[in-house]
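Novice: For reference, the chains in residue letters:
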Amino acid sequence: MADKEQIIRISGVNPLKCMKCGKCTATCPNYDEMEYHPHQFVYMVEHGEIDKLMASESVYKCLTCFACVERCPRGVEPAKLIEAIRTEAVRRQGCNRLKADDIPARIDDDMPGQALMMATRKYTR
Amino acid sequence: MNRIGVFVCHCGTNIAATVDVHRVAETLGKEPSVVIAKDYQYMCSEAGQNMIKDAIREYGLTGLVVCSCSPRMHEATFRKAAASAGLNPYLVEIANIREQDSWIHKDIEEATEKAVILGRTAIAKVQLNTPLTAGESPVTKRALVIGGGIAGIQTALDIAEAGFEVDIVEKQPTIGGKMAQIDKTFPTLDCAACILTPKMVDCAQNDKITIYSYSEVAAVSGFVGNFSVKIKRKARFVDETKCTGCGLCTEKCPQKKVPNEFNLGLDNRRAIYIPFAQAVPKVATIDPDYCNMLKNGKCGVCAKVCGAQAIDYKAQDTYVEQQYGAIVVATGFNPINIDAYDEYAYSQSQNVVTSLELERLMNAAGPNGGTLLRPSDKKHPKTIVFVQCVGSRCDDSRGKGYCSKICCMYTAKHAMLIREKYPDTNVYVFYIDVRTPGKNFDEFYRRAVEQYNVHYVKGQVGKVVPKSDGNLIVYGSDLIEGKRLVIDADMVVLAAAIEPDKSARSIATMLTASMDTNDFFTEAHPKLRPVESPTAGIFLSGVCQGPKDIPETVAQATACAGKVIGLLVKDKLTCNPCVAHSDELMCNGCSSCEKVCPYGAITYEEKGFRQPDRTTKMRRVAIVNEAVCQGCGACTVACPSGAMDLKGFANKQIMAEVDAICL
Amino acid sequence: MSVNNEFRPKIVAFCCNWCSYAGADLAGTNRLQYPADVKIIRVPCSCRVNPMFILRAFQRGADGVILCGCHPGDCHYTSGNYFARRRMTLLFSMLDYLGIEKERTRVEWVSAAEGAKFAATMNDFVDTVTKLGPNRRLEDLRCKN
Amino acid sequence: MTYTYFPGCTLRTKAKDLDHYLRISAEKLGMELIEPADWQCCGGAYSNAKDEIANKLSSVRIIMDADKNTGKVLTVCSACHNVLKRVNDDLKNDENFAFKVNNYMKPEVPYSGNVEVIHFLEALRDEVGFDKLASMVVKPFTGKKIAAYYGCLLLRPGKVMAMDDPENPVIMENFIKAIGGTPVIYARRNECCGGYAVMEDPAIAAKRSGAIIENAKDMGADLMVTACPLCMYNLKKTGPDTGIYYFTELLAEALGLKED
Amino acid sequence: MQELIKKGKELFANGTVDRIIGWTRGELPYDREIRVFRCAECFEKDFVYDAFCGANLSKYLIEESGKEGKIGVFLKPCDSYSFAQLIKEHRIKKENVYAVAIECYGKCDSRALADSVEDAIYWITDNGPELKIDTVSGAVVRNTYDYMLEKCAACKTKKHAPGCDETIGDEGEKVDDCTRFDIVAKLEAMTPEERFAFWRGELSRCIRCNACRNVCPACSCEHCVFDNPASGISQKAAADSFEENNFHIIRAFHVAGRCTDCGECSRVCPQHIPLHLLNRKFIKDINELYGEYQAGENPDERAPLTNYTKADCEPSVVYKRGGKN
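Residue numbers (our numbering), protein chains in the order written: chain E, 1 to 125; chain A, 1 to 663; chain Y, 1 to 145; chain Z, 1 to 260; chain F, 1 to 325.
Incorrect hints may appear among the rest.
[Said to hold, decoys possible] No farther apart than 27 angstroms at their CA atoms in a straight line, the calculated lysine-lysine pairs in the DSS-like style are these: (1) Z/Lys217 - A/Lys467; (2) E/Lys99 - Z/Lys237; (3) Z/Lys258 - Z/Lys144; (4) F/Lys67 - A/Lys617; (5) A/Lys257 - A/Lys314.
Worth flagging that the hints you see were computed from the coordinates, not collected in a lab.
Generate the whole structure from the sequences, applying the supplied hints.
Specialist: Spelled out as structure tokens, the structure:
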């Protein structure tokens, strides 16, 4: 079971600061790809619904672009919360999102090493 | 021999829940010279006060200690009670066992122990208290109002109505303030100019009111009843007494490219200008930053066309010095700078405007003559998105922590007016909460929704992307439907937070009036003394004290005037008797005290002293003017011999307190 | 009552009536906790505090003395805290020169609006003084009646 | 002006242009770049999880090396810059992190936050000066409408990166003016290109980058410039293969250094 | 000395003054007492100015200038600052004083000198820097400079404060390489424990004889705060070790910004407590924190403790500066 306190601790985010304005969701560039949106992450963590979030594909759709972090009027930092949940998810045995075998198919000649490096950081342990 | 009475208040459960009040009374009752110690539910109640009065008479008390809430709350109450029972009110001491004990501690044992110590400390002090009698000082029967917006205007009119002289200092060339820029007022939708300008004219015509427009407060000295204020009259290069306000100069001036601040830069004015048609005083002003004559001596058109010969390019700033009994702060507000919120693209598109700009765009006297056209191409906007809480309700790193209070209502007003006038225009309002407490306010908002079909969306806008055709793609969340809206809008209107005018900070410093962390003036008591500053003789009117709408501002302005009148009707003010006093036998006459006195309350005289050998020796000694002394005590520490002491806070008394705490 | 032998310092806090005492009241109104070891003496202005009072407190067994006043520029009496600032700077420096731990004395500016700062300041000061322990260096200087 | 220059992995492989043009321009502008002999990867992405230390150590090494020589790390890749600046900020402001790192790395002198991590753009603005740069331009981009694409890493989090106003940046626009071009301001210049999500789903990156290019073109851009190899990849993959440049390439061209 | 006697006689003769305050021989050969001379004859006979005239005459003028008539006084450079400061504080009525500035090359620490001679001294002749000491077993010679008072060894200035009516000899200059803060700095560099031990060692010798207070020109209150029952700190003797500290800290604080560093407190202390190190600490702090200030130097300048600037340092500066922890 994922622990709400654990998520709050590693993210350093206090979901109680949220005033539920929805600006994070409004400003999220990847809104269309997500099942749960940034404000829902904040709300659901506050209510302890971590497992649902952890199982959701949305965790891997966040671009960590920090638009929500920069623009949140209350300084809640939803992207850090999402990253904490993703980190928890991929830290579990066998939960690497990006498997070594899949990588060759996803890269091409022009792709910078940086993409692979960042993806590895974000999607794997 | 001292006979001290101790009274311990329960304050309901406020104190009694954390402090064992019986034990406190019992323990303090055993202190030497305490002759009676009692506890009671509410010492400040009539029954409680009677208990004190009875004890004073019955036991012939020489000192009274009340263990209760902060002395800032009820010291005056208990002093009054003591006085009515024949005990000098300055023989009363308060031990603060609520704010500084029961409310901040959880452990009963600890809190009780502390209460006993605080009680003992007060007992130690009160034994050294001496009866004090307050002196008197005269009151200058004239008030100063700083700021000529609706708050300042209303306060000035009300004070003048009561027969007192009032001066208004306004830094702009005209009085009127923000209300003069507003089109219609909620919730009645009457025209702001129609209700404001008659009041402006009243000010001008009232012989009790003097308007110092285009002026600023330069220096303040003195104290309640006796302020002395230096007013800087900025050079307007037009003689106010000669100018007839005909406006010819403002039509002939060749410098046409000056951003018109009255229309928030949405159009231009000339270098010589009258801010708006109903300006008071209706006289022209030359803007030295743009006037060619003032900048390089090449022009002089206005002087040529002025039939009244009112133009004076050589004018200098002048100063007026005036005495006042009371000062009213009515410095008002401004919308914040919204550069930090450029996700709304305010800097990128002319079609993103603030609400105050929208007021001008919709105003008949505004740049478009009252027809709402979007600034970029003067087309009728078909879709308008309102964004609430821009910079309000933020955490400290992102903006203002407070709710600006007026935005919900003026946005409903804007939305309604647009829908009324242009029924084909779609209006969206993104809101976090709609806050409409106030008479007929929620009804007004509901009308916007139900009658005018304004689309209220619970959510916030996150990004505005301007397109080359002037349209704006607005991304906003609809939290109720759980989706994101993408709206192709013609205009976006931002409800920018409001903040106190920047000039307020320096005025607060001159007046030694305190401000909160947002630069709003602090009131003497948040509930019970809302229109007074903690600094005696300084009063607060309007938004300088906190966000307010027009009805509230006018209500507060009138309340403020009431307080000022209450002060000015008095011929004499009772002084604070806790003032400095110099023991002339000890005084060296060294002038150290005089140097640190902020009020100039200390003077010196040569005085003869009988010597043991029966000769008389002349010595220079300090004399304190008790009416002028405010009792800060700076002199007492500067005095090397200890001749200077402060009544009510004497060296011995404070030492006794120190001893009692450290016992 | 449990017997607790842990060291609890005696702290004397001088607070000016207009800002800091009001700040302390606000801390109370907002129920912000700080240790009961702090006892406040109300003075009209920080400039009323004579170095003698501070020495007296140490003499009588205080472990720490803190002076709170309005922020510089905001003094109710215009300039009182500026004088207090110089006096306390020199006094504290002298105490340090005599070998008395400088952390036992402090000046903080707390406005009437800063209830939270008042509580935080007191918590921090009590913490600092507690860590220093009893006023050992002044112990033999104490006047025990 | 001497800098510890950290190119980063990508500049040695897929983004050689970004590196090459920077080096020749820097030389012309009188900037001396010292490239540490044995630099390693910055770590790729800054880990936001508070309990991650190891991921940040490679950045710490780069910073501590710079502490020993110039005291200034110069970067140009947006990703490297973001990671290094944020780790440096942690070292300065997160006591717990600094303590653990100093314990682990055991440097001779504990690192106390003296190193400055700056982006090549910051160096151009603050140390060379855009005015001086403008005076050295020999082939100005007169009449060219150039859209600066910032992406997300360069500006956010604004408090840490502190390079420019995160919502209304001007640094690249001023750079464009300095090389004689006309900057095009468009709202999506600080929106994400899709970034590393291209590994997860190339369609995401295509949508994000597509919207950006469309916005820039709509506002009249002839060219686009970026500082980030990954942005470059995503933009080029989605949009036209031409018209998108590293800003260093335009710089070199303006200074008359571009071969061909 | 002859020049001074000539000047004194002249002042009497032309009626400028009706009395002169000056030094005269005391009981022991190296004792010099203060005396008010009321006629030219007694002045000529008994006035002395030599290596033992360390005493600062300015404080006596508080009393004397309050009397009728005009009094003459000879002021060494360091005395002249006390004089000017007391005028500034309205303690001396300048119109009743005729002040003559005189040169000084340092005065002799008579106790140290006496200790250096084994036999009983019955006469000392001051021959410039050389002192001829006649003892019961014969004459010995000592150099004044080897037995200088601390305040003279660390002399800050040979230049008089403004306010004297005339000057005999050449006006001197400020001492560039003045060493008066060296020991203060050394103490500051110690650990608090060391400093505490140092001061306990010194101050514990105090016998509360009040000599320092009585000689100090700044400590010239009509009634001393320590004698004032309303002050809450009045006391006659040091009841315990705290009282010793308390007395000296408060005394130093009361004269802070007014002390001219004349060094009299240490000169007269029978217990040889270096009290000047307390005063000099305040002077050093004031100079460093609020700008160079010499009490008595400028009649119009505000004293540092009755002055402020908005940009003054915070008291927390103390945590950052000073010695080790």
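Novice: Now tell me if each hint is right for this structure.
Specialist: Right, here's what the structure says about each hint:
no.: 1; hint: Z/Lys217 - A/Lys467; in the structure: 10 angstroms, holds
no.: 2; hint: E/Lys99 - Z/Lys237; in the structure: 24 angstroms, holds
no.: 3; hint: Z/Lys258 - Z/Lys144; in the structure: 18 angstroms, holds
no.: 4; hint: F/Lys67 - A/Lys617; in the structure: 9 angstroms, holds
no.: 5; hint: A/Lys257 - A/Lys314; in the structure: 23 angstroms, holds
Hint check: no violations occur; every hint is consistent with the structure.
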